[in-house]
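Please arrange chains B, C and D on chain A, whose structure you already have, making use of the hints.
Protein chains: 4
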Amino acid sequence: MKVIVDLCLVPMGVGVSVSKYVAACHEVLQTEGLEITLHAYGTNIEGEWEQVMGAVKKCHERVHDMGAPRITTTIKMGTRIDRNQSMADKVESVQARLDGEA
Amino acid sequence: MKVIVDLCLVPMGVGVSVSKYVAACHEVLQTEGLEITLHAYGTNIEGEWEQVMGAVKKCHERVHDMGAPRITTTIKMGTRIDRNQSMADKVESVQARLDGEA
Amino acid sequence: MKVIVDLCLVPMGVGVSVSKYVAACHEVLQTEGLEITLHAYGTNIEGEWEQVMGAVKKCHERVHDMGAPRITTTIKMGTRIDRNQSMADKVESVQARLDGEA
Amino acid sequence: MKVIVDLCLVPMGVGVSVSKYVAACHEVLQTEGLEITLHAYGTNIEGEWEQVMGAVKKCHERVHDMGAPRITTTIKMGTRIDRNQSMADKVESVQARLDGEA
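Residue numbers (my numbering), protein chains in the order written: chain A, 1 to 102; chain B, 1 to 102; chain C, 1 to 102; chain D, 1 to 102.
Treat the hints with care, as some may be off.
All copies of an identical chain are treated as equivalent in the list; a pair is satisfied when it fits inside any one copy or across any two copies.
[To be verified] Using 20 Å as the maximum straight-line C-alpha spacing, the simulated EDC-like pairs for lysine to aspartate or glutamate come out as follows:
no., residue 1, residue 2
1, Lys-58, Glu-48
2, Lys-2, Glu-48
3, Lys-57, Asp-89
4, Lys-20, Glu-50
Source of the hints: derived by calculation from the structure; they are not laboratory data.
For reference, chain A alone in the conformation it holds in the complex (with noise of 0.2 Å):
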């Protein structure tokens, strides 16, 4: 099953800087081969679940390894069986109702 998340991880207890913390993720998710987008309060995931979910747990597990004790990590997910859609074509069928209607 292939699903579109959105990942935003929060360290806490490490003080109010945390683009260390979220550019090891992004490595980790990279190193997973996942195709990922950064974005200002997130980063786009897409990939199989088992390959994601993996993913992000992997993130925790770095984090946690960097010294961080306490983690809050919010998700949203998305998976559909009626048709494939990657993030691009997300985007894409906003953006061509826009231009649609300019």
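Using the frame of chain A, we list chains B, C and D on its own:
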């Protein structure tokens, strides 16, 4: 790695009433032997990472099997390595603050 | 417009224990006269949109005043125009399904 | 108080395709003069709290007006009082880490 999760699964393309899908997920989670608590905007789940996330995948599969062509799920997931903390502990620690300040 | 909200406010840069901040938000929400229910990964709130969202802003202000330099909050918010539905209704409609299937 | 928001609005009871509702929200947010960035699982928004949250309410009103009987929205919202930080700053601080480690 133990995880506390807040799961909110939303079937799309099946009308406005989604209680039967939420109830089906409740049964899936219970069949998996997970500790769960239903609230007005989701379900709290406590357990080992693989078990919990495997159960979440089974929820998606069940809801698709019931006819929902598309699902969007929001999950919050917390892990910590400094100490053990159950769902009940989390509520109690806040309640103790509230009682202490009363 | 009535809204049902699930609020999860996470102060950053204040260490791993956040129960005193959650308790402070609980008090803010109660002072605002809102119907609330605490659970293990957030707080359910029911009320008019402006009142609820105004109270959420007051929670951010209070937690910053308590010393948190940064806050990240996850909110789920539901509105419907087909019928009235309370937080209790939502739980009961799922519970009725579970009982009916038992 | 400035806020950075990630908005993901999901109309329920209108079928599986929701791009026209997302496009309508995009227009509402632009009409409100907000800085926004669309991604594959939501829209990042930057602005003053009242302006942003007022615009989110207008999105709900617009989508209900378009015929959606029910809406569930997931929002992440970040505030900080230690320094100013834009959406672009957030992405750049992670990117700088990634480049530095390359």
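Up to 20 Å CA-CA - Asp-89 versus Lys-57, copy category | neither (27 Å within a copy, 23 Å between copies)
Have a look at Lys-2 and Glu-48 and pick one of within, between, both or neither, based on CA distance no larger than 20 Å.
-> The answer is within: 4 Å in one copy meets 20 Å, while 23 Å across copies does not.
Same-copy or cross-copy closeness of Lys-58 to Glu-48 [CA-CA at most 20 Å] = both (15 Å within a copy, 14 Å between copies)
When no copy is named, should Lys-20 and Glu-50 be tagged within, between, both, or neither for a Cα gap of at most 20 Å?
-> Neither: 26 Å inside a copy, 26 Å across copies.
In summary, the structure is inconsistent with hints 3, 4 from the numbered list given earlier, while agreeing with the others.
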